[in-house]
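Engineer: Assemble the complex: chain P is given as a structure, and chain E must be docked to it using the hints.
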Amino acid sequence: MLILTLLITRFLRFFIKLFGLGSGGTWPGHLALKIYPGILSDPGIAPSLGTLLISGTNGKTTTTKMLHHVLQRRGFLVITNSSGANLTNGLVSALLQGTPIFSKRRADYAVLEVDEFSLPSVLNQMRVKGVVLLNLSRDQLDRYGETDLILSRWEESLKESNVSFVVLDKSFDYFRNMFFPAGAEILDVESISEKLLQADLTSKFHIKNIKVLALSDFQAAYGRGEIINSGGVNFHLFLAKNPASLTTNLKVFEKRKSEFDALLFILNDNIPDGRDVSWIYDVDPSVIFSACKDKEIYVSGGRVYDMAVRLDYAEVFIPEENVSASVQSIMLDFRNMLVGRKIL
Amino acid sequence: MSKLLIGYLYKEDLNLYGDNGNVEVLTARCFGRSIECEVLLIDKGKLTSHNRLSEINLLFMGGGPDSSQKSIYGDFLEEKKPFLLDYVTSGKTGLFVCGSYQLMGDYYRASDGEELKGLGIFKAHTIHFGKNKPRCIGNVRATLTGKISSDPVFKNVNFLEDRIVGFENHGGRTYLDPGAEPFARVTYGHGNNSEDGSEGIILGNCIGTYFHGPILAKNPHLADYLIAKALNVQELPKLNDGFITASYAASKKLR
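Line by line, the protein sequences give chains P and E.
The first sequence begins at 1 in my numbering and counts up one residue at a time.
The second sequence begins at 1 in my numbering and counts up one residue at a time.
Hints are supplied without guarantee of correctness; some may be wrong.
To be verified - In silico DSSO-like cross-links for lysine-lysine, where the CA-CA straight-line distance does not exceed 30 Å:
| # | chain 1 | residue 1 | chain 2 | residue 2 |
| --- | --- | --- | --- | --- |
| 1 | P | LYS159 | P | LYS170 |
| 2 | E | LYS70 | E | LYS44 |
| 3 | P | LYS129 | P | LYS170 |
| 4 | P | LYS257 | P | LYS295 |
| 5 | P | LYS159 | E | LYS70 |
| 6 | E | LYS155 | E | LYS123 |
| 7 | P | LYS241 | E | LYS238 |
| 8 | E | LYS81 | E | LYS44 |
| 9 | P | LYS34 | E | LYS131 |
| 10 | E | LYS155 | P | LYS170 |
| 11 | E | LYS11 | P | LYS241 |
| 12 | P | LYS241 | E | LYS133 |
| 13 | E | LYS147 | E | LYS238 |
| 14 | E | LYS238 | P | LYS295 |
| 15 | E | LYS252 | E | LYS155 |
| 16 | E | LYS117 | P | LYS241 |
| 17 | E | LYS92 | E | LYS46 |
| 18 | P | LYS241 | E | LYS70 |
| 19 | P | LYS170 | E | LYS44 |
| 20 | P | LYS293 | E | LYS11 |
| 21 | E | LYS133 | E | LYS70 |
| 22 | E | LYS92 | P | LYS255 |
| 23 | P | LYS251 | E | LYS11 |
| 24 | E | LYS133 | P | LYS34 |
| 25 | E | LYS70 | E | LYS46 |
| 26 | E | LYS11 | E | LYS117 |
| 27 | E | LYS133 | P | LYS159 |
| 28 | P | LYS241 | E | LYS155 |
| 29 | E | LYS155 | E | LYS92 |
| 30 | P | LYS159 | E | LYS131 |
Please keep in mind that the hints were generated in silico from the structure rather than gathered at the bench.
This is chain P alone, in the form it adopts within the complex (with noise of 0.2 Å):
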């Protein structure tokens, strides 16, 4: 069953690359899914040395990257759904490119980053040899209810699981109170010490994500940080999806006031970003107000005008010109926007 499941999967993505039909990141997993249900369970994808997995609300994609840095660095054969693409049929998608057919090496570790909801699923299905615990935050709680429910199921699956090791954050108090799997070794971020740490990446989720694996060379992960150059201007891109990421961007543009000149907020609702766009008054208008001062501030996206009223309230100008709707939430468009738009 693997082997026709891998035969058809291999085919599939062979096409999807050929036509250019995408980055063939979640089709051959969900085909995979579909011809095989138990494919997750089945020996024959597991990497040889192990899988390790990446979960939380923010800082999965550099923390997956990071760790995926690390070992491929070292060595070893690691595979990984670096496109984001978190959900079951992404991690079978990326299992499956490490898995052998005829003679192609085996893969020596999978690093792969899941979503908060799934995590539970995955750890029922596949033998996993650790897991990054990295926090828990509101955000798309229109899509999954509350994090108490995802905390209780995080804790049900690890209990049933045998994991060897968890790492997380015991800064965070619902941590703190979780019943562990009695076998498994629980590191804590917080006992890293600073000095280890050399990365230049600004904001406070990503100094904790580098806890998780304290190294010092590394490239910031699409929208995370990421800086590009157009026509000798810098963009500086972020990515913000819940009250605790926003206010800490924001707090970094205040610190690095003099480095730029204009700010462009892009505020969407679809369902990766979130249906409900009320988040965006939980973080203190004060914070808003001192990252914009000055600053020419522009507003798009599908929810222009809900992030323009927002700013507003926080009493911060923007010309009325510098607001307009319809850009599509994908970060490709996002990209082209911030280059095809005259912001200095």
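Structural biologist: Frame of chain P; chain E shown alone:
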């Protein structure tokens, strides 16, 4: 003009889905009109520590995740009930969003059958059907019922229309007792229970609702209505609401 004193219940524990923004909006809309406005935070503990309770003319309470609601539940029922009962029945102005709207009713029956007693001030009860019925999530719109829309004060401050827009996200479904008056009639979305078209409740000048957004950021006419009622004035000076009007218009098309 007199002063707006907003009583904000359990700010620390209940501030899910941006409901904090409601108080920010009220404050900003007073500030824009040079109306004096102050926020009095009321947290867990004895009410006797507050000596200005009687001066509060606008009361606000939001909702929170289950764990936070459990943490304030005992205090809400034991310490705050007499004050709230007196506040609502004396005709003062208040806004209770989501979780607090549910707790102001008779009871909340969880999906496992366990019943949490409410304050019994709002004549309504809430049932969580667990997996049998889906969560009520999404953009929502409703038309205000006559109690507000025919109020001359609302007509004076309303520069939009008789409708409100917002976002709802609740597992529990609320059913009003016969005779209880809904706050609005749903035109898009679920409202109280996704069955009878009702949304929220209005009792005297206190409103219970499932609308987030936050509701007052999305619906400035409602914010102004609450301010005018609380201050007992017939009208308010106009504000420059360009973006807000555009946001309201755009929200009417959301799916």
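Engineer: Hint by hint, note whether the structure agrees.
Structural biologist: For each hint, the structure was consulted:
Annotation: proposed proximity of P:LYS159 to P:LYS170 holds, straight-line Cα distance about 18 Å (limit 30 Å). For a cut-off of 30 Å, the pair hint linking E:LYS70 to E:LYS44 stands: about 12 Å separates their Cα positions. With a CA separation close to 20 Å, the supplied pair P:LYS129 and P:LYS170 stays within the 30 Å bound. Restraint check: the Cα-Cα separation between P:LYS257 and P:LYS295 comes to about 9 Å, which is no more than 30 Å; the hinted pair holds.
For the hint linking P:LYS159 to E:LYS70, the alpha-carbon distance of about 25 Å falls within 30 Å, and the restraint holds. Between E:LYS155 and E:LYS123 the alpha-carbon distance is near 27 Å, which keeps this suggested pair within the 30 Å criterion. A C-alpha spacing of about 34 Å is found between P:LYS241 and E:LYS238, which places the hinted pair above 30 Å, so the restraint is violated. Straight-line distance between C-alpha atoms of E:LYS81 and E:LYS44 comes to about 13 Å, which keeps the hinted pair within the 30 Å bound.
Restraint check for P:LYS34 and E:LYS131: satisfied, since their Cα atoms lie roughly 25 Å apart, inside the 30 Å limit. Only pairs whose Cα atoms come within 30 Å are accepted, and E:LYS155 paired with P:LYS170 is rejected, the gap being roughly 54 Å. The hinted pair formed by E:LYS11 and P:LYS241 meets the criterion: a straight-line CA distance of about 22 Å does not exceed 30 Å. Distance restraint check for P:LYS241 and E:LYS133: the Cα-Cα separation of roughly 28 Å lies within the 30 Å cut-off, and the hinted pair is therefore satisfied.
A C-alpha spacing of about 23 Å is found between E:LYS147 and E:LYS238, which places the hinted pair at or below 30 Å, so the restraint holds. Our distance criterion of 30 Å between C-alpha atoms is met by E:LYS238 and P:LYS295, whose separation comes to about 28 Å. The straight-line distance between the Cα atoms of E:LYS252 and E:LYS155 is roughly 20 Å, inside the 30 Å bound, and the hint therefore holds. A C-alpha spacing of about 36 Å is found between E:LYS117 and P:LYS241, which places the hinted pair above 30 Å, so the restraint is violated.
Under the criterion of a C-alpha separation no larger than 30 Å, the hint pairing E:LYS92 with E:LYS46 is consistent with the structure, at around 21 Å. The hinted pair formed by P:LYS241 and E:LYS70 meets the criterion: a straight-line CA distance of about 27 Å does not exceed 30 Å. Between P:LYS170 and E:LYS44, the direct Cα distance comes to roughly 26 Å. Compliance with the 30 Å bound is thereby established for this hinted pair. The straight-line distance between the Cα atoms of P:LYS293 and E:LYS11 is roughly 27 Å, inside the 30 Å bound, and the hint therefore holds.
For the given pair, E:LYS133 sits about 23 Å from E:LYS70 by alpha-carbon distance, which is consistent with the 30 Å threshold. Taking the CA atoms of E:LYS92 and P:LYS255, the gap is near 44 Å; set against the 30 Å cutoff, the hint is violated. A C-alpha spacing of about 23 Å is found between P:LYS251 and E:LYS11, which places the hinted pair at or below 30 Å, so the restraint holds. Straight-line distance between C-alpha atoms of E:LYS133 and P:LYS34 comes to about 27 Å, which keeps the hinted pair within the 30 Å bound.
Note on E:LYS70 and E:LYS46: the hinted pairing holds, with a Cα-Cα distance of about 18 Å set against a maximum of 30 Å. A C-alpha spacing of about 22 Å is found between E:LYS11 and E:LYS117, which places the hinted pair at or below 30 Å, so the restraint holds. Taken as a hint, the E:LYS133 and P:LYS159 pair is honoured in the structure, with Cα atoms around 29 Å apart against an allowance of 30 Å. A threshold of 30 Å between alpha carbons decides the hint, and for P:LYS241 with E:LYS155 the separation of about 38 Å lies outside it, so the pair is violated.
This hinted pair checks out: E:LYS155 and E:LYS92 have alpha carbons roughly 19 Å apart, not beyond 30 Å. At roughly 24 Å between alpha-carbon atoms, P:LYS159 and E:LYS131 fall within 30 Å of each other, so this suggested pair holds.
Violated hints, in rising order: 7, 10, 16, 22, 28; the structure is consistent with all others.
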